[in-house]
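**Q** Use the sequences and the hints to build the structure in full.
Protein chains: 2
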Amino acid sequence: MTELDRLLEGNQRYVSADTPRPKDAPPRRRLALLTCMDTRIDPLAVLGLGLGEAHVLRNAGGRVTGDVLRSLVVSVHVLGVRTIVVMQHTQCGLARTTDEELRRRTGADIDFYPIGDHIKALQDDIDRLVSSGPLHFVHATAGLLLDIETGAVRLVAKWPGGH
Amino acid sequence: MTELDRLLEGNQRYVSADTPRPKDAPPRRRLALLTCMDTRIDPLAVLGLGLGEAHVLRNAGGRVTGDVLRSLVVSVHVLGVRTIVVMQHTQCGLARTTDEELRRRTGADIDFYPIGDHIKALQDDIDRLVSSGPLHFVHATAGLLLDIETGAVRLVAKWPGGH
Numbered sequence: 076m077t078e079l080d081r082l083l084e085g086n087q088r089y090v091s092a093d094t095p096r097p098k099d100a101p102p103r104r105r106l107a108l109l110t111c112m113d114t115r116i117d118p119l120a121v122l123g124l125g126l127g128e129a130h131v132l133r134n135a136g137g138r139v140t141g142d143v144l145r146s147l148v149v150s151v152h153v154l155g156v157r158t159i160v161v162m163q164h165t166q167c168g169l170a171r172t173t174d175e176e177l178r179r180r181t182g183a184d185i186d187f188y189p190i191g192d193h194i195k196a197l198q199d200d201i202d203r204l205v206s207s208g209p210l211h212f213v214h215a216t217a218g219l220l221l222d223i224e225t226g227a228v229r230l231v232a233k234w235p236g237g238h
Numbered sequence: 076m077t078e079l080d081r082l083l084e085g086n087q088r089y090v091s092a093d094t095p096r097p098k099d100a101p102p103r104r105r106l107a108l109l110t111c112m113d114t115r116i117d118p119l120a121v122l123g124l125g126l127g128e129a130h131v132l133r134n135a136g137g138r139v140t141g142d143v144l145r146s147l148v149v150s151v152h153v154l155g156v157r158t159i160v161v162m163q164h165t166q167c168g169l170a171r172t173t174d175e176e177l178r179r180r181t182g183a184d185i186d187f188y189p190i191g192d193h194i195k196a197l198q199d200d201i202d203r204l205v206s207s208g209p210l211h212f213v214h215a216t217a218g219l220l221l222d223i224e225t226g227a228v229r230l231v232a233k234w235p236g237g238h
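Protein chains in written order, with this note's numbering: chain H, 76 to 238; chain X, 76 to 238.
Just so you know, these hints were derived from the structure itself, not from any lab. Misleading hints may appear alongside valid ones.
One copy or two, either will do: identical chains are not told apart, so a pair holds if it fits within one copy or between any two.
[Claimed, not checked] Straight-line distance between alpha carbons at most 20 Å, and here's what the computed EDC-like set of lysine to aspartate or glutamate pairs gives:
no., residue 1, residue 2
1, Lys98, Asp186
2, Lys98, Glu175
3, Lys195, Asp222
4, Lys233, Asp80
5, Lys195, Asp80
6, Lys233, Asp199
7, Lys233, Glu84
**A** Structure (structure tokens):
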């Protein structure tokens, strides 16, 4: 049995189980959550969210790239999202490495968005969201750091400031 | 209580529940799954996967963009992924629209990767993966279309061919 066969079989079990699914496309809590593709993260569970409440965006590192801005413009303008949360995490494959090392190792001559320092990366990413013209409808953004061992998140950056 | 307060409270419940979490970063099934940010999709559940088994990448549409290639280079070279699945879905916000309409509606002058036709979009995205030089370690890729109403997936494109 190939990996693809296993996945199709897994889907047959999912369909048979007839799990309740949300019907509406707009996220009920008007929320978009960006996080890392890391296999250990259960994005909705970590923040006590349910299916149907948020858009979930994931890439290497949970970084605000051009593609994330593309997706969020759709979230905000087409599907009514008003709060954006960026959740990066400890023990990330993009931390403690550099573009030079990753280029040497992979042969790909691209910007990998490595994370030299979690606090700075989250602050930079929140700044990038806030300064993006097409996202001016957004009411609030926050940058969280997830401790991959304990599951606890720490608030590292937010906009607007205050409490 | 602000939305951020609610999320932090949700995280406290998650930490208290002490849910078992995988410890290792490399996905156990050496799999990466790209899908849409859509709030109705539970990516692992749809394919019968568990936490710790796959990288999960999500953006608007589940399209193979430059940022997805960046992330997958890390998946493949750093974390041992060998199979890549692209899962797009019916009732997608990027289907039945155009770049022109989205630019007018959002004010963002970018490529939104709209989906004119699901079969073509999946085939194009699989082709883009297969022709990406740095992904030559990959053994297999598949393009699936998820029916958002029934939860069933249909195999639309795959590489290599055959069965």
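**Q** Now tell me, hint by hint, if it's right for this structure.
**A** Quick rundown of the hints versus the structure:
Within a single copy, lysine 98 and aspartate 186 get their C-alpha atoms no closer than 38 Å, and across copies no closer than 28 Å, so neither meets the 20 Å cut-off. Taking identical chains as interchangeable, the C-alpha atoms of lysine 98 and glutamate 175 are never at most 20 Å apart, the minima being 45 Å within one chain and 28 Å between chains. In this homomeric assembly, lysine 195 and aspartate 222 come within 20 Å of each other (Cα to Cα) only inside a single copy, at 16 Å, whereas the closest approach across copies is 40 Å. Proximity of lysine 233 and aspartate 80 under a CA criterion of 20 Å is satisfied inter-copy only: 12 Å between copies versus 44 Å inside one chain copy.
For a Cα distance limit of 20 Å, the shortest separation of lysine 195 from aspartate 80 qualifies neither inside one copy, at 43 Å, nor across copies, at 22 Å. When the C-alpha separation of lysine 233 and aspartate 199 is checked against a cutoff of 20 Å, the pair qualifies only within one copy, where the shortest distance is 11 Å, while the shortest distance between copies is 38 Å. In this assembly of identical chains, lysine 233 and glutamate 84 lie within 20 Å of each other by CA distance solely across copies; the values are 16 Å between and 43 Å within a copy.
Of the numbered hints given earlier, the model fails hints 1, 2 and 5; all others are met.
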